[in-house]
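S.K.: Sequence:
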Amino acid sequence: MKALLASGLAAVVALAVCGVPARAQPAPAPYLDPRLPIADRVRDLLARMSLDDKLGQMTQPERKYVTTDDVTRYRIGAVLSSGGSAPSPNTPQSWADMVDGYQRAALAAPLRVPILYGVDAVHGHNTLQHATIFPHNIGLGASRDPELVRRIGAATAEELAGTGVNWDFAPCVCVARDDRWGRTYESFGEAPELPAMMTTLVDGLQGGPARVLATAKHFVADGGTAGGEDRGDALITEAELRAVHLPPFREAVRRGVGSVMVSYSSWNGLKMHQNRYLITDVLKGELGFGGFVVSDYNGIDRLDDTPGFTEDDVVAAVNAGIDMAMVSTEWRKFIDHLRDAVNGGRVPMSRIDDANRRILTKKFELGLFEHPMANRSYMTTVGSAAHRALARQAVAKSQVVLKNQNSTLPLDDDDKVFVAGRSANDIGMQSGGWTITWQGKPGPITKGTTILDGIRQVAQTPDNITYEKDGAGVDGSYDAAIAVVGEKPYAEYHGDRPDGLRLDPEDLKTIDRLRAAEIPVIVVLVSGRPLDVAAQLPGWDALVAAWLPGTEGAGVADVLYGETAPTGRLPVTWMRDNGQEPINKGDGKKPLFPFDYGLNY
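Under my numbering, the first residue of the sequence shown carries the number 1247, and numbering increases by one thereafter.
All clues stand as given, with none of them false.
Here are the in silico distance ranges between beta carbons for each label pair:
#1 Thr1626 to Gly1591: 50 to 56 Å
#2 Gly1502 to Ser1723: 54 to 60 Å
#3 Asp1343 to Pro1455: 19 to 25 Å
#4 Gly1591 to His1740: 37 to 43 Å
#5 Gly1825 to Asn1336: 42 to 48 Å
#6 Ser1340 to Ser1296: 30 to 36 Å
#7 Asp1343 to Tyr1311: 18 to 24 Å
#8 Asn1336 to Pro1553: 27 to 33 Å
#9 Asp1290 to Gly1590: 24 to 30 Å
#10 Pro1283 to Ser1623: 24 to 30 Å
Below, in silico cross-link-like pairs of lysine to aspartate or glutamate (EDC-like), each with a Cα-Cα straight-line distance of 20 Å or less:
#11 Lys1835 to Glu1486
#12 Lys1734 to Glu1752
#13 Lys1608 to Asp1299
#14 Lys1649 to Asp1787
#15 Lys1649 to Asp1823
#16 Lys1662 to Asp1725
Keep in mind the hints are simulated off the structure, nothing from the lab.
Beta carbons are placed, not taken as given, at the ideal position from N, Cα and C, and that holds for glycine.
Full structure from sequences and hints, please.
M.R.: Structure, rendered in structure tokens:
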């Protein structure tokens, strides 16, 4: 090293002697120096940014509507895959190549600011084919196990990091107060302490070796709308909002969540996307949130009841405190409107700088300036045996035994069992919405173990297991019958059920066929919420709430056969009939099963 330094110095001296000016290599800009404090790096970078640079950072298009050239030219700050939006083929390699392509485009701009790439990985990397699909949040709420949820967050972060995705629109920390709401399964439960407890998912996503940005959503009171209407209006007092819906966000902020997504819904007539009091005064001020606020998908379009958005809408949202706009197709229009608003004095430059400071701080904290590309060493974790084992454990811990007459459960390994029901042998049905596609769908949509396969595996005597979807062929020779029934997949407002939560007639017919054989009947409900079963319950020997377990159906079988003791407890109150909705603990209504209920063996 001394020799190299000496020869370099000699060369400089020789050039100077010969009359050639000696030029040292320019030092990198301070914001590119990882040894400096992040606040200093952000300050230096902000000082170098033009208005166009800053507007680009506040913009997030959908991948189908933005090219790599666009990312470079417009200084785009983030790109997303909406529900079901995936490269073809839908493989880890294709995802990593796609995201790295956008990342290289961002780095080709003069200031080399990396992008955030976001997805709704709400129960695993659920848009990626053959990823591990964990139980939806309502099941995890039944587990009452924050450490398990943290581990799920860390596993999800690994599968995301291996494909280049560095931003997860999770966890949903909503408090579901009406089971007719189509997002009920996205909630950990109806009492604020449950979603608050499960913000450990933030620790798992952001705090492990593979780190991705977490998002607390949807701010705020989206689970408290009148009639359980998705994107509806929460007609509640501020005292109720603060007591029921704000605590999980307070806890997520305490854990350092990097971003918060605003809800489509309203509070007493005012859209959340323009509620300056709640976003700026309460979230950023009172709660001390230091990350950035992102709109929901095309959320600014929804400030009025007409399609599209105007400059007035952009001004209202940005001045309310939204730092980044998720604008899938009309992102150029958003940039133009915001530029005009800034130049016209309608949005102060201080607001633009504040938004950029928040966004850039998170990019520096994630280490994106030093390591912007996919960490392909994590690609082997996608759908790995270790992650599937974790998911199976989560499924088992989420099962809630609600009825067990005459100790029908657990089953014995050598019992002759008849299995029926449209959810028994269907990965798509047991995984629910937000699985491969936005709404999800029945069928073998991804790799996994169906509940039927799990029963055959755990029983250890597969020849003793007979399956017929509609229950045809069952007779009195069987020791027991299992009906695996419930809801078809859905997501958000498509899943609203204002007319009630009854079982499908096809499911009821299947159960009746099993009952006619005069053998014990075990009903396993695969659903995103409680269903109206009180009238049928007397004819069932056992009832298990399996929720939406994801790809590892063997976890259901583990509890049915007693390989794992049932410890799950209801995260929501189970109504006696549809007319009781909304029903929640402490409201004086007599439920079929109360909040926190669950049997053991």
